[in-house]
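Residue numbers (the numbering used here), protein chains in the order written: chain Y, 1 to 306; chain V, 307 to 583; chain S, 584 to 1029.
Zero decoy hints are in this set.
Simulated crosslink set (DSS-like; lysine-lysine; CA at most 27 angstroms straight-line):
| no. | chain 1 | residue 1 | chain 2 | residue 2 |
| --- | --- | --- | --- | --- |
| 1 | V | 372 | S | 704 |
| 2 | S | 831 | S | 991 |
| 3 | Y | 211 | Y | 108 |
| 4 | Y | 69 | S | 1025 |
| 5 | S | 980 | S | 747 |
| 6 | Y | 75 | S | 1025 |
| 7 | S | 715 | S | 747 |
| 8 | Y | 300 | V | 406 |
| 9 | V | 372 | S | 882 |
| 10 | S | 884 | V | 355 |
| 11 | V | 410 | Y | 301 |
| 12 | S | 991 | Y | 75 |
| 13 | Y | 300 | V | 499 |
| 14 | Y | 74 | Y | 52 |
| 15 | Y | 52 | S | 1025 |
| 16 | S | 991 | Y | 74 |
| 17 | S | 831 | Y | 74 |
| 18 | S | 764 | S | 947 |
| 19 | S | 882 | V | 368 |
| 20 | V | 384 | V | 368 |
| 21 | S | 924 | S | 704 |
| 22 | Y | 110 | Y | 211 |
| 23 | Y | 69 | S | 991 |
| 24 | S | 704 | S | 882 |
| 25 | V | 499 | Y | 110 |
If you are wondering where the hints come from, they were derived from the structure by calculation, not from laboratory data.
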Amino acid sequence: MANATKQETKKGISLNLRNTLVGLSFILPNFIGFAVFTLVPVIFSFILSLMKWDGFTPMEFVAFDNFVKIFGEKKFIESLGHTVYFAFFTVLLSMAAALALALLLNQKLKFVNFFRSAIFFPYVASIVAVSCVWKAMFMEDGGVINSALQMLGVAEDMLPGWTASVAWAMPAVIIVSVWRNMGYFMIIYLAALQDIPNSLYEAAEMDGASKWQQFVRITFPMLTPSHFFVFMMLTINSFKTFDLIFLMTEGGPGTATQLLSMYVYNKAFISWDYGVTSAASMVLFLIVATITVLQFRVEKKFNDFM
Amino acid sequence: MIEKKQHPVARFAVYALLIILTIGTLLPLVWMLSASLKLDSEVFTVPIKWLPETFHWENYPKVWQKIDFATYSFNSLKLTVIITLIQLFTCSFASYGFSKCNFKGRDTLFLCYVATIAIPWQTYMLPQYSLMRMLGGVDTHWGYIALQAFSAFGVFLLRQFYQSIPNELLEAARIDGLSEYGIYGRIVLPLAKPALTTLTIFTFVTIWNDFMGPMIYFNTESLKTIPLGIRMFLGQYSTSYELIMAASVMSLLPVFALYIPCQKFFVQGVATSGLKG
Amino acid sequence: MKIKRIAALGMSGLMAASVLTACGGSTSSSSATTSSGSTGSESTASESTASESTASGEQVSLKVSLWDATSNPADLAAIEAFEAANPDIKVDLIDIPSTDYNTKLNTMLNGGSQLDVYFIKQADMTKSFYDKGQLLDLTPYIEESGVDMAAYNGTADGFAFDGKQYGLPVRTDFYVLYYNKDLFDAKGLEYPSNDMTWTEFEELAGKLSGDGNYGALMHTWQAMAWNWAIQDGQHSIMDYETGYDFAKTSYDMLVRMQENGYIQDYGQLKSGNIHYSGAFAQGNVAMMPMGTWFIGTMKAKVDSGEADFNWGVATIPHPEGVETGYTVGASTPLGINPATKVADAAWRFVEFMTGAEGAAVYAKEGYIPARADETILETVASNEGMPEGLAEALQTKNITPDRPIVDKVGDVDQILAEQHSMIMLGECTVDEGLAEITNQVKDLLA
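Based on the sequences and whatever the hints tell you, model everything.
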């Protein structure tokens, strides 16, 4: 009896070890490269958030001074607010647009591939060119968008100023972000839609469910894993958006579209304050990490429930 | 697919809606195309002229004269393809380890990955650059490949997909005596085709359009990529928007060439996988 | 089946690996331009290049960074002249897009990258490079070579810290007034004189506006208000104690001109991606205050037929009570990276570019070198295609630096840029904008 237990533990240990080795063998090819080129610099910047450093001369330990500094700075709080504003609407609208387009294009239609490609295209176009074009389309007088709005009956003095006004600059960049994102996420939804068994719809139809009921009861819940995934990807990306907005508004007018990523950039390359840069990034990291963990929790609950 | 015959009016409405949406989406790209055939001074005229007065086809050869577009394209293509391949390989391998192998410390390691995703690149750009310089990778293609090829995001993305593969399926294979590598190669990989396609497109587009990385890391002309070339037209002394547009249109073509076959594969891959995710 | 799959996987891995090593090899050999056939380990390839070649007495390779080299013929011409005069030195140019020049330059310097000489795009950044020890003390070289510091007309003084010289200016650009002669002729108005106040400028702009023409073009930079505020040399953008009262006059003028339609709307210029060079070349703008760097560009535009009108240059207008010839400008200094392994070659480059020979090349290309004297200005003005009277228009009595070379000037400039857009877009009044600037700068500096 005692012998058997001992044997089993031994077997357990070796099994554990084997599992670990096998697991590591899968992870290592990626992890080595990742650790050297990304993890080490990132850890270094974590440490930097507690230092005062201009990027070249010796650094100085200042504990949490950098954090105290940024939370006392109006611009940081502002850009934090802008980031949340931007991310919230970009994520929500991109998801809605992507799902709607996927539903629309998940039908037997002529030229369906053409339509899918067309919607996908903004995602691949060069950001420099796209931002110049959108800036011009948003022109207050004579821009394509305001001309269209005027044709639709919007009074001239009600036309939004878009990138030239504090109130409308953010909606403008959100529109462009959604325009860019929707094609890619449409494809992800499209893939998931094709996996919903037809039998479910057939059964629903026999029960006399309307199209809307089918969507609410079948399609939307069946897409839950995709919702999680799309939500996560969009959240991470919109919290880090930089290029598009920098090229379109440079964070302006004033600081109306200055996001945290731009604040970080300015601190690193205008103020030479890598400590503050890293501290601000830590805040960004904590936000995204919290969302990730929450998302994992919800997802796990959902999976258990299923 | 919804196979039920639709009412003709509904069908017409769907097409009308699609056409309006497509036109709306493509408008900026049409602008790009039209601007690429104009004179610089005509690009931003108000109100906009959709058709150039005279077609300045010479803008396209001009791009080739002003910058070494052939070399830049070759570099862009080379880097994008290599990085995408390595990412697909190492990320899919690692994600399997993170989602389907149980061992101590696994979640801690994964947390490291997640941590780096949320940090803006501008923050750790400098330490990364110093490190790369010590390794001799600055101003080389391999240095840039090494930076981009082991993406944490790719691991994160694929792990999400792998998680939705039922463990029972793998248990059954284990009982049948298949090794972990066998399970990965024969069961998980075929199931993950749509996920891999998603990552392929994501990586391809990210690297193809990446400006900051090549800007910081490449000094030598012969190493530079298309986004760097495009930015050269946005200068201090003057800007040539018509050339920016022409170069952008040209840089779209290879992506288009990749996307068309990929899309077909994508739909088929999905249809046969039965993956819920 | 299984074996095949694994083999395929292995193959693709192998392929990736071989491609990886192949491209590593090829790039290292292509970057090592001067040391023929050196196949050292990749990590030392770039460093060994420089040291090997100096030891063997071959051509020394000098890494120099600058921006927009392809669109600025003067820099390239001067470098070519340098190489011709110094056949033992090969200049290895690192050409960086202008918008990202500071980002990349700082990453290279902070990251310890191999870089010998660098152009500093914004003179005010010299202080931060000096603070970080990224500029070599040029004083011993200057003494040894006997450089005549007086020739720089004081434009080199800003690059001296603690009595030592850390940079020498290549070019000194300052603001002048460009005008379209055809538009003046059409209205029967006299061309702008070299002694004109801003009030007269505004009146003149009013007379020239209308019928799709604009009296002036004020580009979207905050410099279009701040430069005239500091033109008298009494204030700088750092003087928050004054509440920035001194900027009120020029801002009021700018806003007024926009309201009256004398200048194109700021918002339209911004969203229309309008670059001043293209806008002036279109021919519907009568006057434009702009830096002297635009002379070369404008000449090229006329040569290429893009700009189809007669143009002229006058001295920049001045505030009431300030003499004409007082203008605002900035120098472009060259500095040497202390980490360079070829300091002597680097100095020879700096000496040439900032010296009489370099000055002559820049002048020939239509750019104003820092060592500008009568003959140099004559050279600039006598280039083919230059407008009449250019030499007189280029006379200056005092050039106030647009941004002082002190700590945190970059942050202040950022604040000015942000509030400038608010004022110009009518999101706040001039007084509110200046008050906001005062508060923010006070928080920053106090």
